[in-house]
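Asker: So you can see what is in the structure, the chains are spelled out below.
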Amino acid sequence: MLAALAAEVGDFVRPPIDWHAAAPELTLLAFGVLLTLMDIVWLERGRKWAPALASIGLLATMVPIITLAVDGADRSMFGGAFVVDKYALIMKAVFILAGYIVVLISSNYISEGDYWENEYYGLLLSSILGMILMASARDLITIFIALELLSIPAYMLATWRKRDLKSNEAGLKYYLMGVFASAILLYGMSLLYGASGTTLLVDLNESISASDSPSAIVVMGIIFVIVGFAFKVSAVPFHTWAPDTYEGAPTPVTAFLSVASKAAGFVALMNMLFVGFIGRDDVYEPMIFALAAVSMTVGNLIALRQTNIVRMLAYSGVAQAGYMLAPLAVASDVPDSALAATVSYLVIYAVMNLGAFAVVIAVARKTRSAEIDDYRGLFHYAPGLTVAMTIFLFALAGIPPLGGWWAKFRIMGAVIEANTVSGVVLGVFVAVNSVIALYYYARIGAKMWADEAPDGDLTPVRVPASLKSALVLTVAATIVFGVLPGLVGDVTKVSLLAGVGG
Amino acid sequence: MIGLLAAASADMDLYVAQNIFFGIIAAQMIYAAFRVVTTANVVHAALWLVLVLSGVAVQFILLGAEFVAITQVLVYIGAVVVLFLFGVMLTRASMGADESVASEKRSMATVVGVLLFTVMAVSLIDSFEDTRLVIDEPQSTTLVSDSIFSQYIVPFEAVSVLLLAALIGAIVVARRD
Amino acid sequence: MTSLLASETAAVSFPVLTAMVLTPFLGALLLLVLPNNRPEYFKQVAFLVSALTAAMTAWVMVEFDKAHAATFQFVDQYEWIETLGISWALGLDGISLWLVVLTGALFPIVILAIDAEHSPKPYYAWILVLEAGCMGVFLALDLFAFFVFFEIVLVPMYFLIGQWGHGERAYAATKFFIYTMMGSALMLVGIISTAVITANTTGNDLTFGLIELAESQALGQTAARWIFLSFALAFAVKVPIFPLHTWLPDAHTNAPTAGSVILAGVMLKLGTYGFLRFGIYLFPEAAVYFAPFLVALGTIGILYGAIAATMQRDLKRLVAYSSVAHLGFIVIGTFALNTEGIEGGLLQMVNHGVSTGALFLLVGMIYERRHTREISKLGGLQKPAPMLAGVFMVVMLSSIGLPGLNGFVGEFLTLIGAFAAHRWWAVVAASGVIIAALYLLWAYQRVFHGPAEGDNATMPDLTVREGLTMVPFLVAIVFMGVYPKPVLERMEPAVDALVAHVETHVEDFDEPVADIAHHVELEDLADLGTDTHGEEDGEHG
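Residue numbers (my numbering), protein chains in the order written: chain A, 7 to 508; chain P, 240 to 416; chain W, 54 to 594.
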């Protein structure tokens, strides 16, 4: 590539830039800058406007996403390094809306806890900026930078409760493991670059799928890249950071990590697999198969033993990552179905998991704890929250007609459609694991509905308006996705292969 | 890497001087790298690391990649190692030899290190064998800058946002309040 | 059961089946928005909604064209998720008709007969959701829709047991939930595999439509057997077939009375119905292959349930174990794979729903009065409550299978069918009838006879309302015992078609026919009720 550019030394030509395609990123960036400037100019007075400005910024970012979607054309810049297609737009919308809900569930938590508010939202926005960039990235360097942009603010958000040792532990552990994973990932990318001489994923695929491409180093490169992302999506055995981080981090941040950050990891992984590695399914498919099967089983089995609801959700998140990985293990056989299945799952998982965390935050406003035993008798003093939590837990367990069921159906549909032994085995894994998972979800349900409240304390939980609206949004989406799955079905009829090449 | 060296030196009509220097510097790097992990003195370890990293920079120059070489010196030696030394200074780590540095996990680490080295060496040798990489002209900084501001403009701009965010976040986390 | 989707007979424009599923569900939503300050309305609204559903069921029953009982009638089909070939398809044939009628009739009675112990709003809402789910299972003609309903019914039952149950209710609810989920999870793999393999083999678009899948029979032998097992596991847990029955006594014992009645009356049939509609219809070869195995398990279930029931000290647990035994009869009848057996099984499903439902209702009434179900603490109830004792007697005799009452016809047909197919298992199973007589009569004797002491002596008799709720049960018990023909003749074409379907698609399979079946034509069965020697005929062949 450098050789190709050598001819143009001296007369630099600016590459054409499609401003419409870059508009979502630029809008979000503008609001991030505005947020920071507001802090500088207004100091303390601007503080209470920070969440509002962050929400407006996120919603404003939806505008160019929608106009791009209406326009419908696939756009590609820099030789295909930055692509805006239907898939990218859906994932951008997921990140933005997940971020919006995180802002909603954060606002009271952060302002009441006397944290650094403005900086909190600033970092949140920059992390989301990294995520929406990731959705369009089809180039090794862009993917890596986007990954760092979304991770580094997240490391610091995890340790935002500075005076709490657990939060410090959370941030430090997340940081160390994250950096370790980044190093492995980058090493893998450098090996792939060394073998192919290109950073563009399309060219990379062409180069490493060719019969004369160096084999050993490509295999090592692919393995390292997948391991790097496995940390990010918290797949077993690279999940060890997740429970401690989730437990120690401020709960809204945990919600953000478990949904948006994980989704971003998946987006990156899907970009790599479907565009960069699709010709080398002999390497990645067995690996993804093992990661998926082990993640769901181990995640669920450990989740059974948890007594803290956040840790339980963390391990259930590990298991859910396993479900989402499953279709990727048959990516070469049924690429469209596999991609659609994982994207559907990501969309629905984002909604139901954010909802569950919103309830955890609401309940913790009264109980000041996240122990599962403190959910006993919740129905007697917070019936609304109990209903919402039950909906989310059953959705996570995949009970029809809630959203999670449709997500799980898509996953199983994709792996079975592949018509291979490994696909059917994964389908059975998913089925058996849904039952194991049901046990711990239903156990919380039983505690909330059937038990008596501890100490007979029946003071109701006061749920602030922003948290309430987050709950309403997530409950509605969880139900709608389940009853009218055609909605997600149509939206996620995407293909990564179609959009590239420009 | 040894394979490359062997392959290159077998072909004496090409880059003789480069290959000799490569060997010398590589040997020095390996020795220094061993010292980094065997010395019990944290400060010494950091200084040995300087030697390893500057070795890398020199190798880049031998390959004609001047910009990367300079960056290597600026970033790693100028920033990272200095940061290490500041870290050692600001925390209460002992300046002299510290036996606790050599922990009982050392044997485990050795096994992992040797394994990783073997795997990587084998796969590199297997992949490139005696491929001859021809470097006909040094890569100019202009080229690098041109490609950063055209092909890689998006990640470049993203890095600036990243640095700002990291700066703000680090201040919040580090400051006493 | 030919591939006619659009019925030429009942050309109704009103989507009555969809209405039957959605009415209870919308009723549940209506309950949720009712104001809390008038709690007495909850029950009335719930009753009206379920009565409306029952009225639609009755209309369907009357309009049902018995000449075309083998085809699906009143079919409603709408696209649901077009890209995956999933549709909202509901239909009714001779196999599902009576189960739908049973569902439609049982729910209003349950709502009327039993008051919520507390929090009436969610209680009645859950019961209505349960009704919608059960209706959906019996009516669904699309595997996806079927699975959704099959899973949906778990949720309301989980809450009914967990919130309004007694004793170890949280444990029982969770156990029930996990067990039944365990079965159905693998069925989902089976359902998707069936659709995918069929689409691949036939080259048609992916579809989850039951009839298309069953008629194309595109699965290979091995695949079909594995997939049949995944379905069978789901249904076997639901039935429950020994040794997967352990959730049932716990669930029944700890469930509120309404939960027990619905569980026994309708929900257990979801499994046996599933075997007929999906197991045998979709995988005839596998069904034939595994039939001996399932008949053996059914027989073990009959004996095990009967013996376990004999040893129970809790009246409700006793009835629960008797359910295990009764369901065993249904299983052996179904997997006899001949007209008599399947018809007997089908009839027995309805009978069991009526008699065991009524038994649970009666046990609930006793519990309400005496706050105990320990057989040893009850006694002599006949004196203070003669009406209760009388009704109990009739229902119990129907459950035993006394000729002249409904239980006899079903058990008799079942045994004929099973005898033709698996002679020795049928002989062993018949002994279960005797044990059933033993434990039920013994229990009756201990509870109702003897001197009434203490609280037993002052126990009030049935109230008018309770008496009225028992009337439909008694009518059904006697009517179906004396004159089963209207019921049987609507089943028969559908059952015949199913058996013919199996014969067409399985080489070397001919309907097993017993000698006796040649002599007993179905038209004569109407008179069987009065034939007191019929039962022995069944045993000795």
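FYI, nobody ran anything at the bench for these hints, they're computed from the structure. Do not rely on the hints blindly, as some may be mistaken.
What the hints assert, rightly or not - Partial list, computed: chain A residues near chain W (C-beta under 10 Å):
1. 406
2. 449
3. 455
Said to hold, decoys possible - Label-pair distances were calculated between CB atoms; the ranges are:
4. A:26 / P:269: 22 to 32 Å
5. P:330 / A:486: 46 to 56 Å
6. P:305 / A:486: 53 to 63 Å
7. W:269 / P:365: 15 to 25 Å
8. P:330 / A:40: 46 to 56 Å
9. A:468 / P:272: 37 to 47 Å
10. A:426 / W:538: 16 to 26 Å
11. W:269 / A:467: 21 to 31 Å
12. A:431 / W:476: 24 to 34 Å
13. P:414 / A:465: 52 to 62 Å
14. A:467 / W:274: 35 to 45 Å
15. P:272 / A:467: 37 to 47 Å
16. A:467 / W:517: 53 to 63 Å
17. P:365 / A:186: 45 to 55 Å
As the list claims (entries may be wrong) - Restricting the straight-line Cα-Cα distance to at most 16 Å, the calculated cross-link-like pairs of lysine to aspartate or glutamate (EDC-like) are:
18. A:168 / A:120
19. A:453 / W:221
20. W:436 / W:506
21. W:430 / W:338
22. A:168 / P:385
23. A:92 / A:287
Just so you know, even glycine gets a beta-carbon here, dropped at the ideal spot from N, CA and C.
Asker: The structure should be examined with respect to each hint, and the outcome stated for every one.
Answerer: Status of the hints after comparison with the structure:
1. 406: holds (4 Å)
2. 449: The hint holds - residue 449 of chain A has a Cβ within 10 Å of chain W, the shortest such distance being about 6 Å.
3. 455: holds (5 Å)
4. A:26 / P:269: 22 to 32 Å: violated (53 Å)
5. P:330 / A:486: 46 to 56 Å: holds (54 Å)
6. P:305 / A:486: 53 to 63 Å: Holds, since residue 305 of chain P and residue 486 of chain A (Cβ atoms, about 59 Å apart) stay within the stated range.
7. W:269 / P:365: 15 to 25 Å: Violated, at about 51 Å.
8. P:330 / A:40: 46 to 56 Å: Given about 38 Å between the Cβ atoms, the range is violated.
9. A:468 / P:272: 37 to 47 Å: violated (60 Å)
10. A:426 / W:538: 16 to 26 Å: The hint (16 to 26 Å, Cβ to Cβ) is violated, given that residue 426 of chain A and residue 538 of chain W are roughly 53 Å apart.
11. W:269 / A:467: 21 to 31 Å: violated (55 Å)
12. A:431 / W:476: 24 to 34 Å: Cβ of residue 431 of chain A to Cβ of residue 476 of chain W: about 41 Å, so the range 24 to 34 Å is violated.
13. P:414 / A:465: 52 to 62 Å: violated (38 Å)
14. A:467 / W:274: 35 to 45 Å: violated (58 Å)
15. P:272 / A:467: 37 to 47 Å: violated (58 Å)
16. A:467 / W:517: 53 to 63 Å: violated (45 Å)
17. P:365 / A:186: 45 to 55 Å: violated (26 Å)
18. A:168 / A:120: Measuring from Cα to Cα gives roughly 11 Å; hence the hint holds.
19. A:453 / W:221: Holds. Residue 453 of chain A to residue 221 of chain W sits at ~13 Å (cutoff 16 Å).
20. W:436 / W:506: This hinted pair holds, its Cα atoms lying about 11 Å apart.
21. W:430 / W:338: violated (52 Å)
22. A:168 / P:385: violated (43 Å)
23. A:92 / A:287: Distance of about 24 Å is beyond 16 Å: violated.
In this structure, the earlier hints numbered 4, 7, 8, 9, 10, 11, 12, 13, 14, 15, 16, 17, 21, 22, 23 are contradicted, and the remaining ones agree with it.
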